[in-house]
Every structure is written in structure tokens, then in C-alpha cells.
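**Student:** Residue numbers (my numbering), protein chains in the order written: chain A, 171 to 547; chain B, 8 to 281.
Hint data in this document are derived by calculation from the structure and do not stem from the laboratory.
Mixed in with the good hints, there may be bad ones.
[As the list claims (entries may be wrong)] Which residues of chain B face chain A? A few of them, derived with a C-beta cut under 8 Å, are:
(1) Ile-89
(2) Pro-129
(3) Ala-214
[To be verified] If you anchor each label on the Cβ, the simulated ranges turn out as follows:
(4) A:Val-184 <-> B:Met-244: 40 to 46 Å
(5) B:Trp-114 <-> A:Ser-366: 38 to 44 Å
(6) B:Ser-125 <-> A:Lys-347: 39 to 45 Å
(7) A:Met-422 <-> B:Met-113: 39 to 45 Å
(8) B:Met-244 <-> A:Met-422: 41 to 47 Å
(9) A:Lys-531 <-> B:Arg-123: 49 to 55 Å
(10) B:Arg-123 <-> A:Asn-466: 38 to 44 Å
(11) B:Ile-167 <-> A:Phe-249: 51 to 57 Å
(12) B:Ile-90 <-> A:Val-184: 39 to 45 Å
(13) A:Phe-208 <-> B:Leu-175: 54 to 60 Å
(14) B:Gln-119 <-> A:Val-184: 44 to 50 Å
(15) A:Leu-500 <-> B:Met-244: 48 to 54 Å
(16) A:Gln-374 <-> B:Trp-219: 41 to 47 Å
(17) B:Trp-219 <-> A:Pro-332: 46 to 52 Å
We treat Cβ as the ideally placed atom computed from N, Cα and C, and that holds for glycine.
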Amino acid sequence: MAIIAVASILSTLVPVAPNETRIFVKAVLALPKILMLFLCINLLFCTTRRLPGVLRKVTQDISLENEEDSFQKNSYDTFKIKDAVSHENFIENYFKENKYKFKKKSSGESIQFIAQKGKLSLIAPHLLHVGLAIVLIGAVFGSYFGAEGRLSAGVGETAKVPVEVAENMVVKVNDFKTIYDEHNNIDNWQSDLTVSVDGKEPVQGVTKVNHPFKYKGVVFYQSAYGYFHTVSVETGMGEVERTIRNRAMDKMLSSVLGQFFVIDKAKDGVNVILFETHDKYKSIHIKKGETVEFPNGKLKYLGTEPYTVLTVKRDPGTSIVMLGFLIMSLTSFLFWIGRYREVRVTLDRAKKSMMLKVSSKSKAIKEEIIEELTSKK
Amino acid sequence: MANLLVNLLIATLVGYFTASLLYIANLFTGNRSRVATYVTIIGFLLNTASLVVRSLLTGTLPLGNMFEFGLFFLWGIVLIYIIIEFKYKMNTVGVFVLPMATIFIMWLTFSQDPTRISPMMPALRSYWLHIHVFTAVIAYGAFAVSFALALMYLIKDQLILMGSKSKLVKSLPELKVLEELTYKIIFFAMPFLTLVLVTGAVWAEYAWGKYWSWDPKETWALITWFIYAVYLHIRLMMGWKGRKSMILAVVGFIAVIFTFVGVTYLLPGLHSYA
């Protein structure tokens with residue numbers, strides 16, 4: 171785990187170029203993932219070896235049967251007591267107050283107790299290992315059998331879902347809108363879709379950020395959006411009508427008939443920034459049908475249509491990963507139950523003695539229990 | 008309202024700073040007075056009021072950017088400290104926690120702009136944000152207190168090694184107590200750190216279509232998880248106690264701080280807003 175932590179640190183510090191091709195950088199980026207895979211294999215081996223024994227212990231009810239066979243008396247600590255009867259009550263109360271599960275058996279001169287607490291904590295680390303392993307198995311499964319792609323389409327247009335995600339699946343964008351909250355801030359972006367396979371069973375759905383739409387194992391995420399701006403440009407070279415595609419918040423420089431400009435959606439129209447050579451010449455807000463003039467000609471704004479960008483994904487590993495996450499979350503709190511401890515006590519009325527054996531991996535817990543059970547004078 | 012927020016932040020700063028001085032004075036004079044604790048509680052209430060005012064300003068829970076999370080994180084640190092002080096009757100920890108809180112709120116008040124309100128981006132408008140950030144506040148708040156305890160341990164241990172018989176050595180709690188309490192706090196916080204990772208991943212799946220993107224913030228949160236997992240493993244399975252495990256507790260909190268501040272400034276990615 172320490173090595174994975176160091177490898178992960180390195181992977182975040184190495185500068186990565188877009189479409190990185192350097193072998194060294196790729197190796198550094200891949201290292202934490204490979205190590206995680208090794209950790210997963212290691213955890214699975216460790217857990218499969220130990221889990222059956224732990225499960226047996228957890229599911230087995232406590233019993234005082236065959237007590238003599240299962241314990242070596244010399245592993246007990248022996249203490250002198252004054253009165254076995256009052257000590258019997260003291261021990262019973264101690265177990266009750268400290269919420270132990272216990273059993274008692276009297277035979278002849280001896281009284282035997284067996285008490286346990288924190289049984290579920292025995293299984294917690296193994297379940298956590300299983301959860302982590304399931305997450306990694308799901309991730310590997312998803313990376314082999316899943317696929318992801320993107321599509322974009324304007325309102326009223328159709329687009330094919332990439333074939334590696336789903337075959338013959340087509341999406342028609344019925345509507346795209348920006349939703350505003352009560353303070354007029356952007357609350358979400360929403361695409362209304364009709365999805366069909368081979369043109370059959372068309373299904374309507376809505377996707378927006380944080381609320382993906384699912385259809386036949388394919389998930390549609392609202393990923394981005396933009397606008398098609400239609401303009402007419404007239405210069406000494408002639409007159410043309412062009413549709414300019416701009417992703418929202420991406421102020422792309424466009425060039426038509428040698429005229430450079432940036433066109434950006436604004437309230438009730440567009441903002442146009444005109445350039446002469448490399449210098450900004452003019453910035454103006456115009457509405458549909460309006461014209462802006464520049465030294466060698468003019469630009470007329472004809473209208474804007476939105477388009478939506480969707481990420482489409484098919485990942486059979488996701489539900490496996492989510493199951494792993496659920497197990498990890500639940501079991502991480504199982505640790506709070508406290509460490510497992512088992513206490514065995516034998517009181518001998520005739521010898522006025524108490525034999526005590528405390529089993530726990532924590533030395534501090536052992537010492538504490540022994541101190542408390544021997545505190546009665 | 009924005010001015011009220013600034014005034015409340017400054018009042019919180021004064022509260023935490025005064026409490027720091029009182030805790031330090033208590034340590035060196037051996038005074039058992041509870042004034043420092045009461046001043047801390049007043050500071051904490053002012054901190055809470057700052058969060059309430061910020062919520063009124065933004066119209067939602069203040070969890071949308073670094074300043075807001077920082078203010079909530081600070082609240083978590085002091086809350087956990089107050090609980091620890093009352094539960095374990097150990098007010099010397101305040102000598103380390105309150106100065107840390109003071110520096111933190113100074114940074115928030117003067118280097119961030121508390122009056123700047125920006126609308127929450129759509130990806131953050133999810134109930135997962137509340138669960139994700141709330142679990143982070145509990146985990147990171149507890150780790151901050153464990154860091155203070157580990158530092159106290161290391162300082163006392165070093166002074167003992169140097170043969171110092173200063174008042175500081177006597178005033179600081181027993182090494183065994185510091186060690187045990189550090190462990191208990193990390194043990195308590197670890198499930199919440201697991202939830203931070205899990206809720207973040209589930210939310211990312213809904214928002215971005217990827218439960219894990221190896222984004223620097225995600226990777227550093229995972230690194231922090233591994234560091235504390237190593238701490239618990241070596242303590243529980245290998246019985247490592249004392250100096251080595253305390254150094255790991257300090258390293259763990261350095262990773263927490265780097266995840267929160269360092270990643271945002273040095274390694275921006277999908278979490279560039281926080």
C-alpha cells in the first residue's frame with residue numbers, strides 16, 4: 171500500500187501532454203493501476219485463505235461443551251478469590267454490563283464462563299478486502315467489456331451512437347435547453363431525446379447533469395453543449411453564408427472570406443468581436459437580422475440554433491464496482507464494533523481460585539479485562 | 008450581509024487566537040482554568056454563525072468552493088477538538104489545535120475573498136455534494152486533531168530523548184495516552200474517509216459518467232486513504248506503536264492538506280472549483 175501511495179504521488183506530479191506518447195510517462199501513469207491490481211490479487215488470496223475459518227468462528231455459537239479438551243489449563247492465569255458465590259455474581263454482572271454474549275455452566279465444585287464480544291469485527295477486514303477487490307474486478311471488467319463515446323446533434327437532428335457502444339442505436343434530439351434557478355443562475359442543461367435501435371421501439375427520455383438517462387444498458391450523460399451561429403459575410407471577395415459551430419464558453423476564432431471574428435451567444439443575440447490582422451477591431455452585440463460593418467465589408471447575423479453533446483457509455487462493470495463500494499462503505503463501519511475478545515473463566519469453589527484466559531489481538535484489551543475481572547477483593 | 012460575514016470571520020479569528028494564547032499560557036503556568044475552553048466554544052459559535060450567514064448569502068449550504076469548504080472544514084476541526092476535550096478531559100491538545108485553527112481562518116479571511124459569491128455550477132447541484140463534503144469534514148477534522156496529538160507526542164518524545172526536564176515535558180500528557188488517542192481518532196475517522204472516496208466516486212458516475220478519472224484530487228484522496236490504511240495496518244497487525252506510527256499520522260495529515268490546498272493550486276483538474 172505504501173508503494174502504491176508513492177507511485178500515485180509520482181503519477182500526479184509527472185507533467186502529461188495531451189495525447190501523451192512518451193513511454194516513461196505512460197509507465198509512471200500505469201504503475202499505480204498495475205500495483206492496485208497486484209494488491210487486489212494479494213487481498214483475494216489472503217482473504218480466501220482466512221475467510222472460511224473466520225466465518226466458522228463468527229457463525230458458531232459459543233459453547234462450553236468439550237471445554238476440557240479445547241483448552242490447555244496451563245494457558246490460564248490463576249488468581250485467589252475470597253468467595254466463589256459473590257465472584258460468580260460479579261463476573262456475570264461484568265459480562266452483562268459490558269454487553270458480552272456469554273454462557274455459564276456449573277459442574278461439581280467448578281463454575282465455568284465463556285464470553286465473547288466483537289465477533290463481527292473479525293470479518294470486517296476480510297469484507298473490506300473483498301469490497302476493494304470487487305471494485306477492482308468491476309473496473310477491469312468494465313475496461314474490457316465496456317465502451318464509451320460521444321455524439322452531438324442540434325435540435326431536431328439525429329446522431330448515431332458510436333458502434334462500439336451500441337449497434338444501430340440512433341438518438342434524436344427533440345429539444346435542448348438551459349434551465350435557470352430563481353436567481354437566474356444556470357441550474358442545469360437538459361436534452362430531450364428519442365432513442366431507438368434499428369428504428370424500433372423508440373423511447374423518449376431526458377438527460378441532464380447529475381441525472382443521466384439509461385436505455386438498454388447504454389447511459390447518456392449531458393456532457394457539453396454549443397451553438398450553430400448562421401452568418402452572412404460580404405467582402406470584396408464576394409458574399410457567403412456560413413454556419414459556425416461554437417462550443418459554449420469556447421471563444422473560437424472564425425475566418426470567412428479573410429475576415430477574422432469571434433461569435434459568442436449572448437442574451438437576445440450574439441456578441442461579435444471583429445479582428446483586423448491580429449488586433450481586435452470592434453466588439454459589438456447584435457440581434458438576429460442585424461448587420462455589423464468593418465473596413466472591407468459587413469457581417470449579418472442570421473440566427474442561432476443550440477446543439478447538445480452527450481457522452482454515451484456502456485459499462486457492465488459499473489454495477490460490480492458499485493457493489494464493491496457498498497461493501498466497503500458498510501464494512502468500514504463494522505470496525506467500530508471493537509476488537510474481538512474472548513474470555514474464559516473457571517471458578518473453583520473448593521480451592522477458592524479463579525482461572526482466567528483472555529484472547530484478543532490487542533494487548534491493551536487483554537490487560538484491561540484482566541485488571542477489571544481481578545479488581546474484586 | 009457580506010460585511011456581516013467579514014465581521015463574523017474576524018470575530019472568529021479573534022476568538023480562536025485568544026483561545027490559542029490562553030491554552031499556551033495554561034500549558035506554561037500549569038493553570039487548569041477552563042477560560043480557554045469557553046473562548047474556543049465562543050469562537051466555534053461565531054464560526055457556525057459565519058457558515059449560517061454564508062448559507063443565507065449563497066441560498067444553499069456553503070460547500071461550493073474552496074473558501075466555503077475551508078470554513079466548514081475549520082468548523083469540523085474545532086467541533087471534533089471540543090468533543091475530544093470534553094470526552095478525554097485533555098485541554099493541552101488545544102495548544103496545537105487552536106493555533107492551527109487560527110492560521111487556517113487567517114488564510115481563509117485574508118487570502119480568499121469571503122465577499123465573492125459565485126453561483127454553484129450545475130455539476131455541484133446534487134445531494135451527493137452534501138454527503139460527500141460532510142463526510143470529508145468529519146474525516147479531515149478528526150485527522151487534524153490526530154495530527155495535533157501526534158505532533159505533541161513527537162515533541163515530548165524528542166524532549167525526553169534530549170534529557171529535557173522542562174515544564175513542557177511535564178505539562179504534556181503521557182506519551183502512551185497521546186499515542187492511544189491518536190489511534191482512536193484515526194480509527195474513528197477512517198470509515199468517513201472511505202465514505203468520502205465512495206460517495207465521490209458514485210457522484211462522479213452520475214455527473215461525469217466516470218466513477219474514477221485519476222483526477223489529481225481523487226488520486227490524492229486515495230493516497231491519503233492508503234497512508235491511513237498503512238497506519239492502521241502496521242499498528243493493528245504488526246503492533247507498531249510510538250514514534251514511527253506517529254510520524255505516519257503526521258504524514259497522513261500533510262497528505263490531507265495537500266489534497267485540499269496543494270492539489271487545487273498545483274495540480275488542477277476536474278475538481279478545479281474546490
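**Student:** Hint by hint, work out which the structure violates, then give me just those numbers in ascending order.
**Tutor:** 1, 4, 5, 6, 8, 11, 13, 14, 15, 16, 17
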